[in-house]
Amino acid sequence: MAQVTQLIHDYLRHSKKFPHVFCPGCGHGIVLGSLIRSVHSLGIPKDDIVLVAGIGCSGRIPVYVDFNTVHTTHGRALTFATGIKLANPRLKVIVVMGDGDALSIGGNHLIHAARRNIGLTTLVLNNHIYGMTGGQSSSTTPFGCYSTTTPFGQMEKEFDIAEVTKACGANFVARATVMQANLMDRMISTALEHPGFNLVELITPCHTQFGRKNKYKSTVDMYKWLKKNAVPVEKYQDLSPEKQKEKIATGIFVQKDCMGLEQRYSEIRQKIIGEAK
Amino acid sequence: MATKSKKKKQTEKFALGNEAVVEGALLAGCNFYAGYPITPSTEIAEEMARRLPPMEDGVFIQMEDEIAGLGAVIGASLAGRKAMTATSGPGFSLMQEHIGYACITEVPLVLVNVMRAGPSTGMPTSPAQGDVQQARWGTHGDHPIIVLSAGDVQECLEMTVTAFNFSEKYRTPVILLLDEVTAHTREKITLPDPEELYVYSRMLPSMPPEWYMPFEDNMRGVSAMPPLGSGYRYHVTGLTHDDHGYPTSKPKEVEHFMNRLFRKIDQFFYDIQIVDEIRCDDAEVCIIAYGCVARSAELAVDMAREQGEKVGLLKLKTLFPFPRPIVEKMLRQCSSVLVPEMNMGQISREVKRVNNGLTKVNTLNRIDGQIITPGEILKKIQKG
Chain A
1 MAQVTQLIHD
11 YLRHSKKFPH
21 VFCPGCGHGI
31 VLGSLIRSVH
41 SLGIPKDDIV
51 LVAGIGCSGR
61 IPVYVDFNTV
71 HTTHGRALTF
81 ATGIKLANPR
91 LKVIVVMGDG
101 DALSIGGNHL
111 IHAARRNIGL
121 TTLVLNNHIY
131 GMTGGQSSST
141 TPFGCYSTTT
151 PFGQMEKEFD
161 IAEVTKACGA
171 NFVARATVMQ
181 ANLMDRMIST
191 ALEHPGFNLV
201 ELITPCHTQF
211 GRKNKYKSTV
221 DMYKWLKKNA
231 VPVEKYQDLS
241 PEKQKEKIAT
251 GIFVQKDCMG
261 LEQRYSEIRQ
271 KIIGEAK
Chain B
1001 MATKSKKKKQ
1011 TEKFALGNEA
1021 VVEGALLAGC
1031 NFYAGYPITP
1041 STEIAEEMAR
1051 RLPPMEDGVF
1061 IQMEDEIAGL
1071 GAVIGASLAG
1081 RKAMTATSGP
1091 GFSLMQEHIG
1101 YACITEVPLV
1111 LVNVMRAGPS
1121 TGMPTSPAQG
1131 DVQQARWGTH
1141 GDHPIIVLSA
1151 GDVQECLEMT
1161 VTAFNFSEKY
1171 RTPVILLLDE
1181 VTAHTREKIT
1191 LPDPEELYVY
1201 SRMLPSMPPE
1211 WYMPFEDNMR
1221 GVSAMPPLGS
1231 GYRYHVTGLT
1241 HDDHGYPTSK
1251 PKEVEHFMNR
1261 LFRKIDQFFY
1271 DIQIVDEIRC
1281 DDAEVCIIAY
1291 GCVARSAELA
1301 VDMAREQGEK
1311 VGLLKLKTLF
1321 PFPRPIVEKM
1331 LRQCSSVLVP
1341 EMNMGQISRE
1351 VKRVNNGLTK
1361 VNTLNRIDGQ
1371 IITPGEILKK
1381 IQKG
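Taken in sequence, the protein lines are chains A and B.
Using this note's numbering, read the first sequence as starting at 1 and increasing by one per residue.
Using this note's numbering, read the second sequence as starting at 1001 and increasing by one per residue.
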C-alpha cells in the first residue's frame, strides 16, 4: 500500500485536477494505474513521455498525470502523435483513445498509423459505448445491444479492434480486460518497449451508460462478467464459433519486429546525405 | 568564368508561386511538412518532399487526409518544430476544426491555402478568392487569426517568411491565402540573403520548470513555449483552459483567457498590418485589392493615370486583422473606392463596414473562374 501511495505522489498532478471526472466503477482509472506502473517499472523518465488523448472519458486521462500531455480533437489523437513522434523520435509517445475515437471518427487514422508502423503505443479503452456523450452506440457496440441511439438493439456488426489493427500491419497487438491487472501491466509494458506501431485494446466497463441498458444490474455484475468470460487467446482459438461469441480473447495477437517508420526515415536520410557527400 | 559562376551564390531563380512558398518557408526555418495533396497546391508538397528529407532534421510526411495533415503539423509544432502544411478549398474546409484547436492552444504554424473556385469540388484548376471569410471565420467559436495574401511570386516568398515570423511571435496559426493564378505563375524571383533575413523563433522559457506556466499572461500576452520533452511538462487542451493549461469553465478564468487571445493580436496591430500604397498620395479614386487582382489593378492604375485620372491602389497583404486605419484613411481621402475581387464581395464587405457612410464603395465581382483584367477594372472606374 505504501508503495502504491508513493507512485501516486510521483506521477499524478496534485495541483488542481482532483476529484476526477470518472463515474464510480469506471475502468479508466485501472488502466491509468496500469500505465503508471508500466512506465515506472520500465524506468522511463517522465520528461520523455508524451501522453496524447482524444475526446471523451478516455480523453480526460492525461490531465491527471504529470507527463507532457496533449488533449486533442475527437478521433485525431493519432495524427497529433504522428507529428510529435516524427518531430522528435526520441520521445515515447503514448496515445490513449476510446472506441469511438479509435474506430469510428478516427478509424482512418488508426488503419494508416498501423500501416505506417510508426512507433506509437496506442491504448484503446473499449467500453462499447459513447460514455461522455450520453450512451450512444459506437462502432464497437456489440450486435443486438441497446444504447440511446439503438433503442431497438444494434443492427450493425461491431468492429473487432485487435483484428482490424492486426490486418493493417501493426507490429504488436494485444488485448486485456481491466479485471486482469497483471496481464494488463504485462501487455502495456511489452507494448511500450516494442518498436513500430503497437496497440493494446483494454476492455473496460461503463456501467453508467452501457451496463444499465444491457442486462448488467450493477457495476459488480459487469466486472464479474468480464472475469468469467476473458480467456487466453490460445484457448479461444480452440473453442467452437458459438462459444467464441460469448468469450473475450485476451493476450497477444501479433508480435513481430518490422522496422518503425521513424527508423526507416532516419536510414533513408543517412543514405541521401551519404550520397550527397 | 564557369567556376566563378558556380561559386557565386544563387540569388535569382525562375520559380512558380508554389515553389517560392517553399523557398520562403525554408528560409524562415521550416523543417516539418505534413499534408495531403490537392490541386492547385500540390507543387508545395512535391517540392517539400524533395527538399526536406536531405536536410539534417527535415521531415516530410504525406498523411491520409487534410485533417491528419494539420494534426501532424500541430503535433510537430508542439514538439518544437517550425511546421507548415498547404491545401486548397475542400482541404481547407476539412482543416477548420484543427485551425480552431491551434488557435485555442496557441500553437504556431503556417497554413497555405491556394484558393480554387468553389463551393465543394468546384473548379479545381480555376482561380478564385472565395475563401477569404472562411479563413477568418471558418472554424467554430470566436477567435482572432492572422490571414495574409500574396499577389506575385516574389511576394509568395516574402509573405511565407512573414507568416512564419508572425506565427512564432504571436503563438498563433497564420493562414496565407494564394489564388491559383499566383500559385501557378512562373517568374523570376530574388532570393534574400539568409544572413540578412529577419527570422523570428518562438520564445523559450528561462525559468525553472516548476515555475513555468504555459499560458501565463504577461505584457505581450504571449508566453514562452518549450518543446515537448524538454523538461517543462504541461497540459495542452482544446478545452478552454487557465494559465496552467488545465480545463476550466469558471467565468472569470474563461474571460481572462479569451481576452488575452484577442489582446495579443490587437495590441500588435501595427506590426501585423501590411499594405502597399501605390500612387495613393494624390488619389481621388482608390482601388482596394489583393492577390492576383491587385496585379491587374496596378496596371489599371497606370492606364488611368495616363488618361489623367487620379487613381491609386491599396494592395492588402494582411487581410485579417483587417487593416482598418489605412483603409479608413483612403475612404476619407477619395471620392469613391473600388473593390474588385474574385468572389461575391468578401473583402468589400469589410470595406463597407469600415466605410460606414464616408464615401462611395463600388464593387467588381467575378465568380466564373476567370481572372479580372486591367481593362475591366479601368472600365469600372470610368463608369464610376
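Note that these hints are calculated values from the structure, not bench results.
Hints should not be assumed to be uniformly reliable.
[Claimed, not checked] Computed footprint of chain B on chain A; a stretch qualifies when at least three of its residues, placed anywhere within it, have a C-beta under 8 Å from a C-beta of chain B: (1) 15-23; (2) 105-115; (3) 265-273.
Keep in mind the model is a prediction, meaning the values are calculated, not measured.
Every residue, glycine too, gets a C-beta built ideally from N, C-alpha and C.
Exercise. Three or more residues of the segment 105-115 of chain A near chain B by CB distance under 8 Å?
Worked result: Held - the segment 105-115 of chain A has 3 residues with a Cβ nearer than 8 Å to chain B, which meets the minimum of three.
Exercise. Taking a Cβ-Cβ distance under 8 Å as contact, does the segment 15-23 of chain A have three or more residues in contact with chain B?
Worked result: holds (count 3)
Problem set entry | Per-stretch coverage check for the segment 265-273 of chain A, three Cβ contacts closer than 8 Å to chain B | Since three or more residues must qualify, the claim that chain B covers the segment 265-273 of chain A holds, with 5 doing so at under 8 Å.
Checked against the numbered hints given earlier, the structure satisfies every one of them.
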